[in-house]
Every structure is written in C-alpha cells, then in structure tokens.
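S.K.: Sequence:
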Amino acid sequence: MDAYDYSFFLSTMWVGPFWMAMLIIPEHDLTKKLMQGPWFFLGPILIWWAVTIASPQGLIDFAKDSTNPAGILDSLAALMGTKAGASAAWAHMVAGDIFVTHWMWKRCMEHNSERWITATTVFFGVMLMPVGIALHIALVRSNNGQEASAVV
Numbered sequence: 000m001d002a003y004d005y006s007f008f009l010s011t012m013w014v015g016p017f018w019m020a021m022l023i024i025p026e027h028d029l030t031k032k033l034m035q036g037p038w039f040f041l042g043p044i045l046i047w048w049a050v051t052i053a054s055p056q057g058l059i060d061f062a063k064d065s066t067n068p069a070g071i072l073d074s075l076a077a078l079m080g081t082k083a084g085a086s087a088a089w090a091h092m093v094a095g096d097i098f099v100t101h102w103m104w105k106r107c108m109e110h111n112s113e114r115w116i117t118a119t120t121v122f123f124g125v126m127l128m129p130v131g132i133a134l135h136i137a138l139v140r141s142n143n144g145q146e147a148s149a150v151v
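Okay, so the sequence shown: first residue is 0 according to numbering that gives the first Met the number 0, each after it adds one.
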C-alpha cells in the first residue's frame, strides 16, 4: 500500500464513527457531543489538502485545461485516472457526504423525527447521497405533520 491507498482508507474510516453514532444512537448525548464541532468532516478535508499538496500537478493541469470548456471533462477524467486524483476526489466526496448527513441528522433531531426516518436518511446520506436527500425531503416533517422548514 502506498500513501494514496492509506489516504483513501483514512478518509473512509475517519467518518465511520461519526456516521455510526448518528445511525445507531442518534439521540444519545455522546452523539450530540461528537457532532458539535467540525471534527466529523475535518479529517477528510485535511486528507484532501495533503494529497493535493503531495501531488499538485494534476490540479494544476486541470486548472489550465479548465480555460477550454471542450477540454474540462477530458482533463477531469485524466486527473481522476490517477491514484492521487482518485484519492483526493474520494476524500472530497466523503467530506461532503458526512457534512450533509450531519445536517440531515440535526434536522431529524430538531423535528423529533421517528427513529426509522432518522436511520434511513442517515444511512443513505453517506451511502447514496442523492437518495438520502430525496428521502429526507420526503420524510422529515415537523410535529404537526407539515413539511419542516430547512434548518441550517
């Protein structure tokens, strides 16, 4: 295993405890304390920076190619076709998934959602984000049955 394999593994494992806490014990004080600060998404962000700094050429090439709209997708594909690019992209996706999942969990807690609704949206929030957001929007309601307003 090289540094990119480790960064992939670490970014995945970093969010695991936060995700499991929101999934298994969402109402517990430990989960609420764990989710208060930025730690739940900070690890993958730092990993993204480390990978990008360790191998900046792919990002530089992508930035240069971005000036030509016809070449952006080819440049992105080339970047993602490297271990550095795939590892950085994965850390980016994991950070985004856990950040939005945190928002969905927090909103479920604020609206006293049923346990199965919280578990479903938190599970899919990390596993299949578009499905998680769609389910969250469809299922999370305020106490009076009206659609809950977005809480940031």
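Be careful, since some hints might not be right.
[Claimed, not checked] 20 Å max Cα-Cα, derived DMTMM-like pairs, lysine to aspartate or glutamate:
| no. | residue 1 | residue 2 |
| --- | --- | --- |
| 1 | K31 | D73 |
| 2 | K32 | E109 |
| 3 | K105 | D1 |
| 4 | K31 | E113 |
| 5 | K31 | E109 |
| 6 | K82 | D60 |
| 7 | K63 | D73 |
| 8 | K82 | D28 |
| 9 | K82 | D1 |
| 10 | K105 | D4 |
[Unchecked claim] Distance windows between CB atoms, simulated:
| no. | residue 1 | residue 2 | range |
| --- | --- | --- | --- |
| 11 | E26 | S65 | 25 to 33 Å |
| 12 | L33 | A133 | 23 to 31 Å |
| 13 | V130 | A76 | 22 to 30 Å |
| 14 | K31 | G80 | 36 to 44 Å |
To be clear, the hints were calculated from the coordinates, so they are not data collected in a lab.
Because the structure is a prediction, the values reported are computed rather than measured.
All residues carry an ideal CB built from backbone N, CA and C; glycine is no exception.
S.K.: It remains to establish, for every hint, whether it holds in the given structure.
M.R.: Outcome of the hint check:
no. : hint                    : in the structure
1   : K31 to D73              : violated (43 Å)
2   : K32 to E109             : holds (15 Å)
3   : K105 to D1              : violated (37 Å)
4   : K31 to E113             : holds (17 Å)
5   : K31 to E109             : holds (12 Å)
6   : K82 to D60              : holds (15 Å)
7   : K63 to D73              : holds (12 Å)
8   : K82 to D28              : violated (39 Å)
9   : K82 to D1               : holds (10 Å)
10  : K105 to D4              : violated (32 Å)
11  : E26 to S65: 25 to 33 Å  : violated (45 Å)
12  : L33 to A133: 23 to 31 Å : holds (26 Å)
13  : V130 to A76: 22 to 30 Å : holds (25 Å)
14  : K31 to G80: 36 to 44 Å  : holds (41 Å)
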